[in-house]
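Based on the hints, put chain S in the right spot on chain W.
Going down the list, the protein sequences come from chains W and S. Note that UniProt numbering numbers the first sequence so that position 161 is 161, with each residue one more than the last. Note that UniProt numbering numbers the second sequence so that position 222 is 222, with each residue one more than the last.
No lab work stands behind these hints, which were simulated from the structure alone. All values reported here derive from a predicted model rather than from experimental measurement. Don't be surprised by glycine CBs; every beta carbon is placed ideally from N, CA and C. Treat each hint with caution, since some may be false.
[To be verified] The calculated DMTMM-like cross-link candidates involving lysine to aspartate or glutamate, where the alpha carbons are at most 25 Å apart (straight line), are:
#	chain 1	residue 1	chain 2	residue 2
1	W	K211	S	D148
2	W	K221	S	D182
3	W	K251	S	D316
4	S	K128	S	E180
5	S	K306	W	D239
6	W	K221	S	D24
[To be verified] Distance ranges between label pairs, derived from CB positions:
#	chain 1	residue 1	chain 2	residue 2	range
7	S	G204	W	D269	45 to 51 Å
8	W	A271	S	L94	37 to 43 Å
9	S	R223	W	G111	46 to 52 Å
10	S	K238	W	D146	31 to 37 Å
11	S	Q283	W	L259	37 to 43 Å
12	W	N98	S	G239	36 to 42 Å
13	S	L68	W	D146	43 to 49 Å
14	W	S15	S	P331	56 to 62 Å
15	W	D146	S	E284	38 to 44 Å
16	W	D269	S	N314	55 to 61 Å
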Amino acid sequence: MGELAAERHVKYILSVEKKKDSFESVVMEHLRLNGAYWGLTTLDILGKLDTVDSDEVISWVMQCQHESGGFAGNIGHDPHILYTLSAVQVLALFNKLNILDFDKVSNYITGLQNEDGSFSGDMWGEVDTRFSYIAICCLSILHRLDMINVEKAVNYIVSCKNLDGGFGCTPGGESHAGQIFCCVGALAITGSLHHIDKDRLGWWLCERQVKSGGLNGRPEKLPDVCYSWWVLSSLIIIDRVHWINKEKLIKYILDCQDLENGGISDRPDDAVDVYHTYFGIAGLSLLEYPELKAIDPAFALPVDIVNRIFFNR
Amino acid sequence: MMESSDEEQVEEWVPLRLRPDWSDVTPVPQDDGPNPVVPIAYKQDFAETMDYFRAIYRADERSPRALLLTKDAIRLNPGNYTVWHFRRVVLEALNVDLHQELIFVGTIAKANSKNYQIWHHRRWVAEKLGTDVRIKELEFTRKILSLDAKNYHAWSHRQWVLQALGGWEDELSYCQQLLEEDIFNNSAWNQRYFVITRSPDLGGLKAMRESEVRYTVEAILVRPENESPWRYLRGLYKGDTQSWVNDPQVSSACLKVLSMKANHVFALSTLVDLLSHGFEPSQEFRDVVDALRTPHSDPLDSNLAKAVCSVLENADSMRTNYWKWRKSKLP
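One chain only, chain W, in its complex shape:
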């Protein structure tokens, strides 16, 4: 089996920040805060967060904050719950949550809860269980979970549960590993895992492993490194990760590395990007690959940072 080309991945992530004339960076402009979260968390898992100038990052993150309290994907864009979580997570990585006005950010998120318990992504009202997770994760990090109606939020998520034990984006929506992570993560954070049929969901999740060892997100779809995160984290939260073949999954992720220039792709021999590099390395961390910091499956932050937030140590 190959090995993790950790140094090359660090180089790759640092190089993405400086890349000129790349079309990807142009179309990524509006979601740069997500990109920063993926890249910086990867560096932290690899133990290399100190290669980044934290003051520079933090000052840029704070400039993305809107007067409503929410964060935009970049300076001059509109606020959205997606980037608000990334901002909070990035500040947590640098132990700088204290510069945030917790009430202001929490008010923004609280204002997005709907009557049925669901959450909108922003003032335009798109509803999705992704936003339920983000709201719950973010408020929990800010110690403000009591500002929303948690019971209604949980009931909405449970209403998105399907016959296969999985969850979709809205009630009746097809089970999808990404949505399952969001729903399972939110239920874990709110102490509501009893709503999950763990054996049924666990079996569906481990059915996602295909011959190559990789995981797909829905039946009969191609495997993709990003599901190493969505499926694995869910399996860990419901305590069923021993059901899959870990060795084969590790091999699959390692096969998706660009050994020359660093970075990880969705499938072997495809082009690499920061998103898949993060999910690959976070997945390996969940699989207890050597010399990687452990990552928390529900908060998607390194465990030492989660401990700092909740246990002040």
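Quick look at chain S alone, frame taken from chain W:
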């Protein structure tokens, strides 16, 4: 409403700085902060369009030319949610005919059918237009699903249309059609469950159970390795495990598959589930399981469910650990 304008003409690009109707606007370059974390080198047309967009966005200019500019900016990068937001603000201010907007969204969606912003915008427009566009929306999602029958966004939109605007009449036959095209399409199975449990015309799960069980068993017998109909079959007995255990159609489907030379994993796993819920197996079941045993399998005499699990440990080697766990939990 002319659908033919779907394919809009590609006009030659004239830089905004050379257009007389834009001469009064000073473009605003992207502010990446003092020391950009991720400096971005923009392509030129893109950069110029975005510079002018920032200017009108900052000035909150809700004008026809602003509407045109957002169109260009969206064509260049349909993922930019701020542009979509501002476009909605302008559409509302100008009181534009939103039927035209559906056509525009349609052309953008065809090339970017997995983009959240586009679908959200489309829903916003359709919601404003109401039941008049029900058929159009069902047709539109049908078109997208004909290119990718598992497009998650298209399915979400379609479910929203059915619930908000109606149009359930042909939905079951649409599911049927998609499953005829690809019986492995889990999205179509999911939609089928959505229809039989939520359509106001069909009377609900219990009323539909008998005909659905027949349909599902047939699908299982055609491709026993297809996980979707097995799960669907179980879903048909939601909240009524006893009927599921006692319905001879379920156990006989397992038996038939086990007697075929086919992939047995789902038939065997269903059998384990049935047994652990009190199903009393006939001698026929013991015989077919006996025939599948390998020298490593557990002996049959003690517990049929355990024997089945040990067959599965070999037959489904990727999930050996799962089957070992299942076996360890059996009485």
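Against the structure, the hints come out as follows:
Between K211 of chain W and D148 of chain S, the direct Cα distance comes to roughly 24 Å. Compliance with the 25 Å bound is thereby established for this hinted pair. With a CA separation close to 13 Å, the supplied pair K221 of chain W and D182 of chain S stays within the 25 Å bound. With a C-alpha separation of about 19 Å, the suggested pair K251 of chain W and D316 of chain S falls inside the 25 Å cut-off, and the hint holds. For the hint pairing K128 of chain S with E180 of chain S, the CA-to-CA distance comes to about 35 Å; that exceeds 25 Å, so the pair is violated.
Annotation: proposed proximity of K306 of chain S to D239 of chain W holds, straight-line Cα distance about 23 Å (limit 25 Å). Between the alpha carbons of K221 of chain W and D24 of chain S the distance comes to roughly 52 Å, so the proposed pair goes past 25 Å and is violated. A C-beta distance of roughly 49 Å is found between G204 of chain S and D269 of chain W, which places it inside the suggested range of 45 to 51 Å. At roughly 41 Å, the beta-carbon separation of A271 of chain W and L94 of chain S lies within the given 37 to 43 Å, and the hint holds.
In this structure the supplied range 46 to 52 Å holds for R223 of chain S paired with G111 of chain W, their Cβ-Cβ distance being about 49 Å. Under the hint 31 to 37 Å, the C-beta atoms of K238 of chain S and D146 of chain W, about 34 Å apart, fit the expected range. The supplied range of 37 to 43 Å is broken by Q283 of chain S and L259 of chain W, whose beta-carbon atoms lie about 58 Å from each other. For N98 of chain W and G239 of chain S, the hinted distance range of 36 to 42 Å is not satisfied, since their beta carbons lie about 49 Å from each other.
Look at L68 of chain S against D146 of chain W: about 47 Å separates their beta carbons, and that is inside 43 to 49 Å. In this structure the hint that S15 of chain W and P331 of chain S lie 56 to 62 Å apart at CB holds, the actual value being about 58 Å. The supplied range of 38 to 44 Å is broken by D146 of chain W and E284 of chain S, whose beta-carbon atoms lie about 59 Å from each other. A beta carbon spacing of about 32 Å between D269 of chain W and N314 of chain S contradicts the range 55 to 61 Å that was offered as a hint.
Consistency note: the structure conflicts with the earlier hints numbered 4, 6, 11, 12, 15 and 16.
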